[in-house]
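*Asks:* Note that the protein sequences, when read in sequence, are chains H and G. Counting in the numbering used here, the first sequence runs from 1 upward without gaps. Counting in the numbering used here, the second sequence runs from 266 upward without gaps.
Simulated from the structure, these hints should not be mistaken for lab results. Mixed in with the good hints, there may be bad ones.
Here are the simulated DSSO-like cross-link-like pairs (lysine-lysine), alpha carbons at most 30 Å apart as the crow flies [to be verified]: (1) G/K289 <-> G/K347; (2) H/K79 <-> G/K387; (3) H/K79 <-> G/K347; (4) G/K347 <-> G/K335; (5) G/K347 <-> H/K80; (6) G/K289 <-> G/K335; (7) G/K387 <-> G/K335; (8) G/K387 <-> H/K80; (9) G/K335 <-> H/K79.
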Amino acid sequence: MIIMDDFLIRALIAGSGVALVAGPLGSFVVWRRMAFFGGTLSHSALLGVALGFYLGLNLNVAIFAVCAIVAVVLVMLEKKTRLANDTLLGILAHASLAIGLIAFAVIESRRVDLMAYLFGDILATTTMDITVIYVGGFAVLVVMGFLWRPLLSATVHEELAFVEGVPVVAVNLAFMLLLAVVVALAMKIVGILLVTSLIIIPAATVRPLSATPERMAVLAGVMGCLAVAGGLWGSVALDAPSGPSIVVAAFALFVVSAALPKLKL
Amino acid sequence: MNDRFRDAALLIEARNITVTRDGKEILSNAETRVRAGEIVTLIGPNGAGKTTVVRVILGLMQADAGSVEKRPGLVIGYMPQKLHIDPTLPLSVGRFLALGSPANSEQTQAVLDEVGAGSIMKTPLQAVSGGEFQRVLLARALLRNPDLLVLDEPSQGIDVTGQSELYRLIGRIRDRRSCGVLMVSHDLHLVMAETDEVVCLNHHVCCAGHPEAVTNDPSYIQLFGKQVASTLAVYHHHHDHAHDGDGNVVPLDDGEEEVGGHDHHG
C-alpha cells in the first residue's frame, strides 16, 4: 500500500490535467500525421527553457514563445524549400535541441537541473504549476471547442475545406499554437524528450474504441489520465523515474489495446 | 459589377489563364466559361493542366496572368480528385457530409438518396467502396445547394458501367437543379452524352465546342491519337501545329498548307 503523499496527489492532479488536454490535441496530431511535428516543437522547448532562465521569464511563456516561433518558421520554410516536410522537421528539431543544450551549458552556473527538463519532474509539481496547467489547459479546450468543426474539416481535406469557406491557414496556425501551449504545459510532467508520447500514445491507444472523432478525443484524455496514474504508481513502487514511467504505462496500455480484438463500444 | 453577368445564366468565366511553375508553362491562355444548366467538360491527356484550370477557378492556386470572374454570390460545390481519409480518423459518412454544410440529418439523407447512396449514412468512410465514395463526395458538394458544381475526375476508381451511371446521375442532377457543372475527365466517350460543351486542353485550349464537333477536330485526334481515331468516324485535315511527347506545341515540319486547322489566339 502506497501512502498518498501530498506531492503524489499534486503530481496526479497536474498529470491528469495535462493528459485531459493532450487527448483531444493528440487525436488531431494522429489524424493529421503530425507526430513528428509535435516532436520538433517539444525539442525546441529546451531552448525556451534556457531563454526563460536567461531572460528571467516565466518558463511556460518562454517555451510557448519559442515553440510558436519554430512552428511559424516551419510553415514559412515549407513554402520556400523543396525539402520534404520530415527532413525540415528533423533539421529544426535537432538544431533547436542542440542550440538549447548549448544555451543550457552557458547558464550552467545557475545550477539548473537539465535532466528535470529533459525527462520531466512531476513529483516536484507545485500548486502554482497546477494552477498554470488547469488555467492554460482550460483555455486550450475552449479554443478547441470553437475550432473543432473547421479544424476537423481541414484535417479531412484542406482544399475541400477551403472551397467551402474554412479559413484553412488561420485554423492550421491556431492548431499549431495550441499544440505549443500543450508542449509547454506537458514539459513539467514527462519532459521535453517525452512530451510527444503523452500527446500521441493515448490517442493511438483509444482509436479501436472510438466510432466518432469526439469519442476518440475524450477517451484519449481519459486514457492519458490512466497512464499518468499507472506511471506514478510504478514510479513509486519500483523507485523508477516518474516521466519515463508514465510513458511506459501509456505504452503498456497501447500494447493491451492493440492486442485486444477490436471492441465495439 | 460586370456587364457579362447581367446575362444571369453565366456563372463563371475564366479568361487568358496562364500558369507557369518552375519555368514550365502549365497553362497558356486557357479559358472556359460555364452557364447555368450547362455541363462543361475539360478533357485532355495526363498533365495537360485540366486540374490546374479547376484549381485556379476555385482560388486554390494563383494564375500568373488572366482573370476569373464569378457571378456575385456564386455558391460552388466542389468534388476533389483524391480524398484520402486517414484510417485513424473515425468518421461516418453522415459526419463527413455534415462537415461541409450545416445540414440536418433529413437533408443529408435526402441528398444521399439523390446520389443513390441512401443506405450508407452510418457507415465508416473507410468502409465504403470506391463508387460509393465518389457518390458521397458528390453528395457533400450538393448539400451546399451549389449554383456551380466543380467535379475533378468524378469517376475515379469506378468501373466502366459505374462510370456511365455516374455521368447519367450528374446529368440528372443538372436537369433537376439547373446548376452549372464544370467537370474534368479523361474520357470523352463516357461523358459525351451528358456534356454540352467540351474544352480540349493540352496546356492551351486546343479546341472547344459541342462534343461531336470536338471529336471531329483534328487537334483532338492529334491529342488522343489513333485509339480514338479508330473508334470514332473522323476525317483528317492538316493543322498548324503538332504536339510532342510532352504535349508541347511544335511546328509541323512538312510546311504543307493548312486546310482547316485551328489557331490559338490569346
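*Asks:* Could you work out which earlier hints the structure fails to respect and list their numbers in ascending sequence?
*Replies:* Going through the list in order, the structure violates hints 2, 7 and 8 and respects the others.
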